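Novice: Guided by the hints, dock chain A onto chain X, whose structure is given.
Chains as they are written, first to last, in the working numbering: chain X, 1 to 189; chain A, 1 to 189.
Since the list can't tell identical chains apart, any single copy or any two copies may satisfy a pair.
Cut-off 30 Å, straight-line C-alpha distance, at most; resulting in silico cross-link-like pairs (DSSO-like, lysine-lysine):
1. Lys8 / Lys173
2. Lys27 / Lys3
3. Lys42 / Lys102
4. Lys3 / Lys173
5. Lys27 / Lys64
6. Lys173 / Lys151
Hints in this document: simulated from the structure, not taken from any laboratory.
Since the model is a prediction, treat every value here as computed from it, not as a measurement.
Number of protein chains: 2
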Amino acid sequence: MKKSLGSKTLIYPTPVWVVGTYDKDGKPNAMTIAWGGICCSKPPCVAISLREATYTYGNIIERKAFTVNVPSEEHAVKADYFGMVSGRNEDKFAATGLTPVKSEIVDAPYINEFSLILECRVIQTIQIGLHTQFIGEIMDVKADESVLNEKGMPDIEQVKPIIFTPETRNYYKIGDCLGAAFSIGKNIK
Amino acid sequence: MKKSLGSKTLIYPTPVWVVGTYDKDGKPNAMTIAWGGICCSKPPCVAISLREATYTYGNIIERKAFTVNVPSEEHAVKADYFGMVSGRNEDKFAATGLTPVKSEIVDAPYINEFSLILECRVIQTIQIGLHTQFIGEIMDVKADESVLNEKGMPDIEQVKPIIFTPETRNYYKIGDCLGAAFSIGKNIK
Numbered sequence: 001m002k003k004s005l006g007s008k009t010l011i012y013p014t015p016v017w018v019v020g021t022y023d024k025d026g027k028p029n030a031m032t033i034a035w036g037g038i039c040c041s042k043p044p045c046v047a048i049s050l051r052e053a054t055y056t057y058g059n060i061i062e063r064k065a066f067t068v069n070v071p072s073e074e075h076a077v078k079a080d081y082f083g084m085v086s087g088r089n090e091d092k093f094a095a096t097g098l099t100p101v102k103s104e105i106v107d108a109p110y111i112n113e114f115s116l117i118l119e120c121r122v123i124q125t126i127q128i129g130l131h132t133q134f135i136g137e138i139m140d141v142k143a144d145e146s147v148l149n150e151k152g153m154p155d156i157e158q159v160k161p162i163i164f165t166p167e168t169r170n171y172y173k174i175g176d177c178l179g180a181a182f183s184i185g186k187n188i189k
Numbered sequence: 001m002k003k004s005l006g007s008k009t010l011i012y013p014t015p016v017w018v019v020g021t022y023d024k025d026g027k028p029n030a031m032t033i034a035w036g037g038i039c040c041s042k043p044p045c046v047a048i049s050l051r052e053a054t055y056t057y058g059n060i061i062e063r064k065a066f067t068v069n070v071p072s073e074e075h076a077v078k079a080d081y082f083g084m085v086s087g088r089n090e091d092k093f094a095a096t097g098l099t100p101v102k103s104e105i106v107d108a109p110y111i112n113e114f115s116l117i118l119e120c121r122v123i124q125t126i127q128i129g130l131h132t133q134f135i136g137e138i139m140d141v142k143a144d145e146s147v148l149n150e151k152g153m154p155d156i157e158q159v160k161p162i163i164f165t166p167e168t169r170n171y172y173k174i175g176d177c178l179g180a181a182f183s184i185g186k187n188i189k
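Okay, chain X solo, but in the shape it has when bound:
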C-alpha cells in the first residue's frame, strides 16, 4: 500500500557535486549542490540548479561558466561545508585547504584534489521558481590518472562519489556493482 507524502523534492539518488566559479574580482568559490544531472548527450550537457540568493549564482551570471567537481568519500566533510556557508562571507578554499586551478578552457576554477571534474560553459539559463537552472555544455572532462580503469575511463569504485538523500538529509557511499547496463535485461527481450 502506497502512502502519499505530498509535493516535495524527494527522490533517490541525488548527486553531491561541488560547483566551481570565479566572482567578479577573480576570487574562486565552491558550492555544493544536489539539484542537478546530465541533460543532453549531444552536445554533452549537465544541468545545475541554484537559488538566486547564492554567491555562485551571481558568479555564473557574470562569467557564463562553471566547473562540476565530484567529491569522493574522503571529501565528505569539506563538501558539506561548501554547502553550508556562502562565498560572499568566507574564502572557502582557504578554509578547506583545497586548491583552485584555473581552467584553460572555461572561465572557472576546478578543484585539484577532486579526481573527476567537468569544465562547462553556460548555454541556457532556465527560470523555474526558487531555483534557476543553468545548462552547461561540458567542454572537457578531466580525471586523475589514479582513478582510471584499463580502458582509460574513471572507475566509480576509485572515484568513490557521494549520494545525497533529500528530506532524510544524509550522505551515502557507492556500494557493489549490480551488473552491466544494456546487458542484464536482454533475457526479457
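Specialist: Chain A in isolation, oriented as in the chain X frame:
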C-alpha cells in the same frame, strides 16, 4: 596529474529512474533514464531528458504528464530492459509482469511494485540538442509503507535505488551512510 578525457557525458553518480507514461491510446509505457535530476525546490520539480525518437517523448508531449519510478536493486534486470526496447514495438508491462496503476493526480501510470514514485505534470519543455528536457512539477510523492523510517520518510537503505555509470555503463548499489548533511562540515566553519 589530471588527464583530459574529452567532451562527454561522464560524471558520477547518475540515477536510474523509470519514466511512466500513457500513449495516445491509453497504453502504459515505461522507459529507463539516467539523464535527470531535481531542478527546483519551490515548486518542487524534477527534470528528465529524452530523445525525440523515443516513444515516451511523444507520450509526454501528448499527455503533459509523467511519473518517475525508482527501481530497487531487485528490479535492475527489468529496469535495464525498460531502457533497451521501445514501447512502440513492445508492451513492456506485459513483458516484465509489472503493474501500471493509473495516477489519480496526473495523466500517467506509476509502477505498483516500485517503492518510491513521483507524479509529475510538465511545466516547461526545453530544447537542448539531441535531448529535450521536460521539467515536471512534482504533484505528489508516494512510497510503500514498508520503506518508511520512523519519521515517515523513505529510508534509502530500504528503497535500495540504483546508480548508473555513464561510459563504463554499469549499475551499482547504494553503500553505507557517510554522515549527516548540513552537519558533518560544521567544524570547518
